[in-house]
Structure formats: C-alpha cells, structure tokens
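K.L.:
Take a look at the letters that make up each chain.
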Amino acid sequence: MHRTKVKVVEEALDANNTIAAANRADFERAGVTVINFMSAPGAGKTTLLERVVADLPGVRVGVLEGDVHGSMDADRLAGLHVPVTQINTDAGFGGECHLDANMVRSAIPSLPLADIDLLIVENVGNLVCPAEFRIGEDARVMVSAVTEGVDKPLKYPLMFRACELVIVNKIDLLPHLDVDLDHLLYNIDQVHPDVERMMLSARTGEGVDAWRDWLTQIAVREEAVV
Amino acid sequence: MHELSLSSAIVNTVAKHAHGRRVTVVNLRVGRLRQVIPDTLEFYFQFVARDSVCEGAQLMQEVIPARLRCRTCDHEWAIEIPAFRCPACTGSDVEVASGDEFEVESIEVEEAECIAQR
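Just so you know, the protein sequences line up as chains A and B, in that order. For the first sequence, my numbering gives the first residue as 1, with consecutive numbering after it. For the second sequence, my numbering gives the first residue as 227, with consecutive numbering after it.
Derived from the structure by calculation, the hints contain no laboratory data. One or more of the hints may lead you astray.
[Unchecked claim] One-sided and incomplete, this derived list gives chain A residues near chain B with beta-carbon spacing under 7 Å:
hint, residue
1, 7
2, 8
3, 12
4, 15
5, 132
6, 147
7, 151
8, 154
9, 191
[To be verified] A short list of chain A residues far from chain B (calculated; beta carbon distances all over 10 Å):
hint, residue
10, 1
11, 22
12, 23
13, 26
14, 41
15, 112
16, 115
17, 139
18, 153
19, 157
20, 165
21, 171
22, 183
23, 185
24, 205
25, 216
[To be verified] Residues from chain A that face chain B, not an exhaustive set, calculated with beta carbons under 10 Å:
hint, residue
26, 3
27, 10
28, 97
29, 98
30, 100
31, 126
32, 129
33, 131
34, 156
35, 190
36, 193
37, 195
38, 197
Note that beta-carbon positions come from the ideal geometry of N, C-alpha and C, so glycine has one too.
Please build the complete structure, drawing on both the sequences and the hints.
P.N.:
Here it is in structure tokens:
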C-alpha cells in the first residue's frame, strides 16, 4: 500500500447546484416562476401565503410545502383552492432541516406545472441550512419577525444575504416589544446593503398589498423574459 | 446544525474522486463566511463517513479569512463581523474577494501496490 494525493478542487455543494440548474431549466420550460420562501420557525410564512395566494390578479399560484413532518401547513393552504404539494424531509437522513435541489427534483412530477405561473416553495423553518442549498428558484425571499429581536441578521448573515427580499413581519406587535425597528433595519443593511425590504403584518393585513404586488410583478416579469 | 448536510456533501464529493480507494486525508478549504464550526463539522464528518470510502479519514480544514472588495472605489478589506458596506465610500456594491469557499481541495488515498510490474 502507498498513499497518493489526488487534486480535487471542487465546491462540495456542486452536486446540489447541478441538480438545481436542472430544476430551473424544467421550471423555465414550463414558464413557471419559482420563489424559495425561507424563515425561522414561526416567523409567519404560512400566514403570509394564506393572505395572498388566492388573490394574485392574473397569476395562477401553486405551493410546494416543505416540512420535516406532517401536513399542517399544506392543510391550511388547501382551503384556499390553490394546488398544494407536500414534501416531508423525514424520508431523508433523519429528517433534513431544509429542502435541497434533489428533494425538489423528486417532487417535480407531482407539481401541476402546466396549470400554474408561480410556484412558491415554503422551505423548512430554519435560519441556517436553507441558505446553503439552491433548489432551482428565480428568487429567494426571507421573513424575519420583529419578535425574533434585532440581532438575527448579525447571527445568521448567510440567510440574510441569500435573499432578494426581506419581509419584516409582525410589525403590529412592535408597541408590545422592546424591539427598535430602526435598529433591526440598520442590522439588515449592514449584512445585506440595499436589499429590498418590506415591513408588514400578516395578522392585521398592514403592508400586505406590497407583498401581493411584489409576487404579481415577479411572476409577470419572469414570464416576459421567457 | 448545517454541518451535517455539509458533511454529506463532502463525503459525496470525495467518493466521486476516490474511485473506490480508501481515503486517509480530506483537505478542505472553508471560508469564514460559511458559518461552519470546525469541531462540529469534524464530528458530523466522522459520523457520515462510516461505511464509506471516507471511514476513518482525517478531515483537514483550512480556514480562509473573509475579505471584501468594493466595486465602486476598489477598496479591499478584511472583515471580522458581518458588515458588508464599504467603510471607505459607504457603497453597497461589494463583492466577496475570499471567505465563501467550501471546497474539497485534495484527498489522499491508499493505492494497492502494482503487482503486474515488469
């Protein structure tokens, strides 16, 4: 036996990125815009979807729900009469804490791509891992609830940098919290300068119109490109 | 916690290049911006490596410092905290010069002695 050194020089996540590119090509061929929707658990992703998915003018929406276990979120959205597909990650290695390109790839045959313009992929609630794995999306959106405190951008910079839009949710609770909104916005700007931001409350509906408009525009814009 | 997924990615990448040979060392380049905790990665790597060509392999991690470059004024600087605005011109058009690597640089494998020597 002797030892040999083998030069590799390969990003360890290349395999995921290759599958993500294949997903992207499939989505583009079908004319479907894809959003990767991420946040910590309990930031309000599902409520934000409930607010808008049935009411995007001229845009047919589908939702892909990623959860470690169960179909609670999918059940909530099914009442809105939009197609919802569920992926449970616990079939993987002990319950993955994020969706990766391969999991989304395996769900593609069960997605109604011919009947939708916009696919929103609700990722597993987690501020760390989802930021590492592209899934073939056109844009990434993250939600940060004011109840999480002002320091989260500094603690999870990868996530706050890995998105094109940051939604600051639960602003109706600000009067009850020792949270300085300006400080939170400053920290977001430090980590991801000039990223697009939206302040809203999924509960009261304040600011939700901007979220609805953003989704409508991105669906239409991507369609124009195709 | 993402060190578990990252460990799987390392083992899969290495397996592709090992062609069935037993791997003794994996040399990894990890950028500071990847939020990887070296001890945690080491722990999960040994766990995920079981029953693969990487079983028992040593994981050598070279940590790459984070450096940014401003596309507006060309200023280049090192960061220790996640602040991505240019300190020289306050611009936001900033690129990562180094620090976002997560790369298998090389591996060391055991070769059987060639028995068909002339």
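K.L.:
Decide, holds or violated, for the assertion that all CB atoms of chain B are farther than 10 Å from the CB of residue 216 (chain A).
P.N.:
Correct as stated: the minimum Cβ-Cβ distance to chain B is 27 Å, above 10 Å.
K.L.:
Is the interface hint satisfied for residue 15 (chain A)? The criterion is a beta-carbon contact with chain B at less than 7 Å.
P.N.:
Holds - the Cβ of residue 15 (chain A) comes within 7 Å of chain B, reaching about 6 Å at its closest.
K.L.:
Taking the closest Cβ pair, is residue 98 (chain A) under 10 Å from chain B?
P.N.:
For residue 98 (chain A), the interface hint holds, since the closest Cβ of chain B sits about 7 Å away, which is under 10 Å.
K.L.:
Given residue 131 (chain A) as an interface hint, is the shortest Cβ-Cβ distance to chain B below 10 Å?
P.N.:
Constraint on residue 131 (chain A) satisfied, holds at 8 Å.
K.L.:
Is the shortest C-beta separation between residue 151 (chain A) and chain B less than 7 Å?
P.N.:
violated (11 Å)
K.L.:
Over 10 Å from every CB of chain B: does residue 165 (chain A) meet that, or does the non-interface label fail?
P.N.:
The assertion about residue 165 (chain A) holds, with a minimum of 16 Å to chain B.
K.L.:
Using Cβ atoms only, decide whether residue 126 (chain A) comes closer than 10 Å to chain B, and label the hint accordingly.
P.N.:
Constraint on residue 126 (chain A) satisfied, holds at 8 Å.
K.L.:
Measuring Cβ to Cβ, find out whether residue 26 (chain A) lies farther than 10 Å from everything in chain B.
P.N.:
holds (22 Å)
K.L.:
Please check whether residue 193 (chain A) passes as an interface residue: C-beta within 10 Å of a C-beta belonging to chain B.
P.N.:
holds (3 Å)
K.L.:
Is residue 205 (chain A) truly not at the interface, in the sense that its beta carbon sits beyond 10 Å from all beta carbons of chain B?
P.N.:
holds (31 Å)
K.L.:
Answer holds if the nearest beta-carbon of chain B is closer than 7 Å to that of residue 147 (chain A); otherwise answer violated.
P.N.:
violated (21 Å)
K.L.:
Does residue 197 (chain A) hold up as a contact with chain B if the rule is Cβ-Cβ below 10 Å?
P.N.:
violated (13 Å)
Figure legend: structure checked against the earlier numbered hints; hints not met, in rising order: 6, 7, 10, 18, 19, 38.
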